[in-house]
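Using the sequences and the hints, build the whole thing.
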Amino acid sequence: MEPLWDWFRELHASTGIKLTIFYDAFDRARFVNGFLTSVRLMALCIVASVVIGVVGAWWQGSRLRFLRAAIAAYIEVFRNTPPLVQLYFFYFALGSYLRVTNDVGLAVPLVSNFSWAAIGLSLYAGAFNVEIFRAGIEAVPRETVEAAEALGYSRLRAYIHVILPLAFRISLPALNNNLVNLVKTTTIAYAIAVPEMLYVANQIWSDELNVPEMMNVLLVIYVALVGVVVYLMGRWERAMRIPGYTP
Amino acid sequence: MRAAGPTNLPVLKPFRLTATTCDLSPASFTARRGALLIIALVLAVCVGEAQAGPGASSIFATLLRWTPLLAQGFALNIAMSFLAMAIGTVLGLALGLGLISLAWPLRASSWLVTQFFRNAPWLVLLFYCILLMPFEVHIGGIVVPLPGWVKSTVGLALPVMANVAELVRGAVRSIPSGQWEAAEALAFTRLQTLRLVILPQCVKRMTPPWMNLYALVVVGTPLASIVGVNEAMTLTGDILSSEGRTELLVPMYLYLLMWFFIYCYPIARATAALERRFQVR
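Residue numbers (our numbering), protein chains in the order written: chain A, 1 to 247; chain B, 248 to 528.
FYI, nobody ran anything at the bench for these hints, they're computed from the structure.
Take these hints with a grain of salt, some might be off.
Derived SDA-like pairs (lysine to any residue); straight-line CA-CA distance at most 20 Å [as the list claims (entries may be wrong)]:
| hint | chain 1 | residue 1 | chain 2 | residue 2 |
| --- | --- | --- | --- | --- |
| 1 | A | Lys18 | B | Leu378 |
| 2 | A | Lys18 | B | Leu379 |
| 3 | A | Lys18 | A | Glu2 |
| 4 | B | Lys451 | B | Ala519 |
| 5 | B | Lys451 | B | Gly417 |
| 6 | A | Lys18 | A | Gly244 |
Right, here's the structure in full:
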């Protein structure tokens with residue numbers, strides 16, 4: 001890799017384009033760490049939000065009125081308020097109560113800022129996912145559900161084996177959009193000092209004074225990451241296609 | 248045997264989406280929405296009151312005292328969202344027409360711009376505008392200052408532009424091709440067809456997702472607090488640090504959440520209602 005790093009050093013010397021993340025070992029290490037933190041946060045939130053969506057959509061069809069109302073309230077609150085304020089609420093407000101005293105006698109937070117970011121963002125994206133899966137479930141023909149009932153499926157079994165597999169396929173395009181949004185929204189973890197890519201980039205451009213270069217690097221990487229998500233979801237969508245059923 | 252439909256699978260009937268397949272389409276449900284937030288706020292105020300020492304003013308009174316300041320900040324949020332939406336819509340309409348242009352260089356470059364701004368995170372775009380735009384511009388001999396909130400508004404307008412462009416393209420594509428052919432048969436030029444036949448029909452289809460986008464912009468405006476604009480979120484932080492009372496944290500943040508909820512929720516309901524009424528059959 002050395003020749004490549006040297007090339008970027010040369011680039012700086014000849015054109016003034018200062019990409020320290022390539023030739024400065026310290027900057028490179030922290031940027032790679034930031035990148036990995038971002039990817040970890042994205043992966044965690046994607047999985048958690050899809051789980052929230054599947055479970056929430058199941059509970060939305062529950063017979064218990066209380067459960068239905070709770071899910072409805074959860075969706076409306078999380079969809080109609082700013083994700084950034086939600087994150088601040090979790091981290092600063094709830095976090096101020098969730099503290100334990102350590103051996104030295106200092107109050108340390110019980111939940112780290114990374115965990116709060118993961119929780120907050122998953123809940124935010126999860127609210128949209130519940131809606132998306134609900135739309136998918138509603139689109140499953142009534143006859144199919146009745147057929148499952150006639151075959152003696154319990155409500156849960158019918159949901160897992162009949163409704164969800166069909167609803168999931170119908171929901172995939174919308175889910176795709178929402179997960180792309182989620183990947184982009186992970187940048188707000190910056191606000192609670194999670195050392196993800198934007199945060200690290202900010203440190204680097206404060207130290208090296210190379211704002212335009214780092215900004216462009218960030219934009220390119222995020223667009224590429226979103227591209228990867230879109231590509232993977234597209235492949236998954238094609239792999240799950242039932243010929244003649246989903247358009 | 249079933250009659251020949253779009254599919255010949257006997258068991259799996261083709262699904263029909265009841266709402267538009269837009270990713271953010273709100274649902275129509277009947278539970279008490281937002282009750283959670285209000286209950287939580289009331290609870291938090293009560294808990295805070297109990298925690299507050301003797302002599303400290305009550306949580307409720309404190310919230311009330313800071314309300315005018317918070318309202319000022321919130322007004323800036325709304326102003327920013329209006330401006331960003333206006334700028335983004337105008338630019339987005341132009342970009343959207345570029346996306347459906349017949350000249351391929353224009354189409355390709357519009358596509359590139361749209362994809363780029365749609366896929367870049369809003370916060371990164373905000374940083375981009377805040378850090379790379381000058382703090383004042385000279386037009387002729389006049390110096391026009393660019394305060395942080397103007398730059399943030401531009402930063403928010405960029406993703407709006409790309410999303411509106413995509414809405415335009417989707418709406419135009421959803422118009423049945425018969426409309427184009429009929430216009431052609433009546434000897435309309437392409438420009439006339441677009442202006443007199445296609446776009447008027449698109450307005451109806453675009454309105455609900457456009458309102459969704461507006462709601463997203465409103466909940467995106469607090470991002471400007473990260474880059475130092477004095478809007479509601481920043482002011483909430485200032486209020487909390489000037490009060491310096493930990494029991495105020497939860498009520499204050501819930502109070503701010505409620506402001507946004509009260510503003511955005513009616514928009515979401517109206518969008519849902521419009522979607523039902525305009526449902527493309």
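| task | Please write out, lowest number first, the hints stated earlier that are contradicted by the structure. | result | The structure breaks only hint 6.
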